[in-house]
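Chemist: If you're matching them up, the sequences are chains Z and S in order.
Under full-length UniProt numbering, the first residue of the first sequence carries the number 1, and numbering increases by one thereafter.
Under full-length UniProt numbering, the first residue of the second sequence carries the number 1, and numbering increases by one thereafter.
Source of the hints: derived by calculation from the structure; they are not laboratory data.
It is possible that some hints are incorrect.
What the hints assert, rightly or not - Straight line, CA to CA, 35 Å or less: simulated DSBU-like cross-link-like pairs of lysine-lysine: (1) Z/K181 with S/K65; (2) Z/K175 with S/K33; (3) S/K33 with Z/K181; (4) S/K198 with Z/K175; (5) S/K12 with Z/K175.
Spelled out, the chains give:
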Amino acid sequence: MNTKVTNKIAIGIIYFISALVILILAALLISILGQGLPHVSWHFLISHSSSFESGGGISDQLFNSFYLLIVSMIISLPIALGSAIYLNEFADPKSEFIAVFRSAIEVLSSLPSVVVGLFGFLLFVLKFHMGFSVLSGAIALTFFNLPLLTRSIENSLAAIPNLQREAGLALGLSKWETTEKVIFPAAVPSIVTGVVLAAGRVFGEAAALLFTSGQSAPQLNWYNWNPLNSNSPLNLMRPAETLAVHIWKVNSEGTMPDAVEVSAGSSAVLIVMVFIFNLSARFFGNMLYKKMTSGTGK
Amino acid sequence: MAEKENYLLTTKNVNLFYGKKQALFDINLSFPKNGITALIGPSGSGKTTYLRSLNRMHDLTPGVKVEGKFLFHNNDIYSDNFDLVDLRKRIGMVFQQPTPFPFSVYDNVAFGLRLGKKISKHQLDEDVEKALRQAGVWNEVKDRLGANALGLSGGQQQRVSVARVLATKPDILLLDEPTSALDPISSRVVEDSLLDLKKEYCLIIVTHNMQQAARISQTTAFFNDGRLIEVGKTREIFLNPKEEETQDYVSGKFG
Chain Z
1 MNTKVTNKIA IGIIYFISAL VILILAALLI SILGQGLPHV SWHFLISHSS
51 SFESGGGISD QLFNSFYLLI VSMIISLPIA LGSAIYLNEF ADPKSEFIAV
101 FRSAIEVLSS LPSVVVGLFG FLLFVLKFHM GFSVLSGAIA LTFFNLPLLT
151 RSIENSLAAI PNLQREAGLA LGLSKWETTE KVIFPAAVPS IVTGVVLAAG
201 RVFGEAAALL FTSGQSAPQL NWYNWNPLNS NSPLNLMRPA ETLAVHIWKV
251 NSEGTMPDAV EVSAGSSAVL IVMVFIFNLS ARFFGNMLYK KMTSGTGK
Chain S
1 MAEKENYLLT TKNVNLFYGK KQALFDINLS FPKNGITALI GPSGSGKTTY
51 LRSLNRMHDL TPGVKVEGKF LFHNNDIYSD NFDLVDLRKR IGMVFQQPTP
101 FPFSVYDNVA FGLRLGKKIS KHQLDEDVEK ALRQAGVWNE VKDRLGANAL
151 GLSGGQQQRV SVARVLATKP DILLLDEPTS ALDPISSRVV EDSLLDLKKE
201 YCLIIVTHNM QQAARISQTT AFFNDGRLIE VGKTREIFLN PKEEETQDYV
251 SGKFG
């Protein structure tokens, strides 16, 4: 067999495998969206869920998903940023402490999310008496998110050529100034992309939240924005069932007559949201890159 | 020694170690206030290592030990009270690869200026233009100062990198094979810019390209195996070297 034939066969196999992957994904998407979207209506998106009657919506769950995402990002982003910058720019790669640090991050990133959830349940919900709450959930999500986020930011920083660091230092910048004024801005577009993709993952996370932010959603009062009131959307200490948890719950113990439709609709909404996250990751990354590189001076 | 006073930078008995391995042996070399000094020699001869010791770039690499005297305006740049930031502003460096930051051309050149004390927009504009003119790239980029420097050609990028260093008004410009990543035509343009600069600045250039050394430098220093073999007027080094090793290298017998 000559190389031309081998080449053709190899390419054929690769095409076949790629087509298979695309087909499976497309089938999944079409089935979820096909079954779910017909049940998604404006009413479905803006009304409270109901336990025993049909016609309930997912407004609280949808809001909870976003709220948890934002709170957990507020906690995890600064930590991830700090540790990624330390690891990539300042740490001595040969030190043993760093090796331990790195493997800790790796272990943490492969920890099953249900374990993170149970850990959060034992420590925050019970031990620290935080109860099923937004805060417990956000901290559990931080554990789940932190290693992935740190990795992705570290990779973004590592992708900046070393020459840029030398050039910064040769201009008389200190190491921190080089990191802050040259390396970090150059890495921002890819960091933003990584953060938004991580947000998509967190948005769809259920297992880590089952036992931390809880499986019940108090009906939120959209006119009460005092974070200290128990039915205020902003309250950090209230239980907050998210969309992903809602899907799980409706399927396992849903008592409403239209449980199948609610679950299908919620799944479709979840998929669409994650899709939007992915698209906006690309969009914001590109936009920031263009904005940054087109300059501010003139 | 009346001549000594004309030197801007004098290095004496420079020894440099990478861990236990000695890379430079007893280098004595001085550089005048203006003009171009070329450092030539085969790969691994220590010429780049020596160049990087002149603005303390080795400080960044763990395990490098530098010995000897480096007198710049009669102060030792390796002494504890010498401000490193100030040093690198006064002894600027241009690298083998162009190193524009991913900002606009204007921001690249203004970068070093903005680090220091506050300066007015008007002054900044003037300084940026002056630096770009000195680097011989003003006419090509004046209409797209706001465009990303990464979009320029390699030769333009390298001259913008030169302008960025010039903007901070250094006394000495270290150039580490500044044209080796460029095509011959761009190299020529960069060389022309350097020839203009030599009237005002002390340029020290490491080059593999012997024609380049012969074309632009007044003084040439030949390195081999971490030793300074010979230094003299460029004409002398190329046409009438004193050492056999130099003769062999410039005539292409090794290297």
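Chemist: Please verify whether S/K198 and Z/K175 have alpha carbons no more than 35 Å apart.
Modeler: holds (31 Å)
Chemist: Z/K181 and S/K65 were given as a pair; does the straight-line alpha-carbon distance stay at or below 35 Å?
Modeler: Roughly 29 Å separates the two Cα atoms, so the pair holds.
Chemist: Would you check the hint for S/K33 and Z/K181, treating anything up to 35 Å between C-alpha atoms as holding?
Modeler: holds (32 Å)
Chemist: Need the status of pair Z/K175, S/K33: alpha-carbon distance at most 35 Å?
Modeler: Since the Cα atoms of Z/K175 and S/K33 sit roughly 30 Å apart, the hinted pair holds (cutoff 35 Å).
Chemist: Keeping to a limit of 35 Å between CA atoms, is the pair of S/K12 and Z/K175 held or broken?
Modeler: holds (29 Å)
Going down the numbered hints, you'll see the structure goes against none, and every one checks out.
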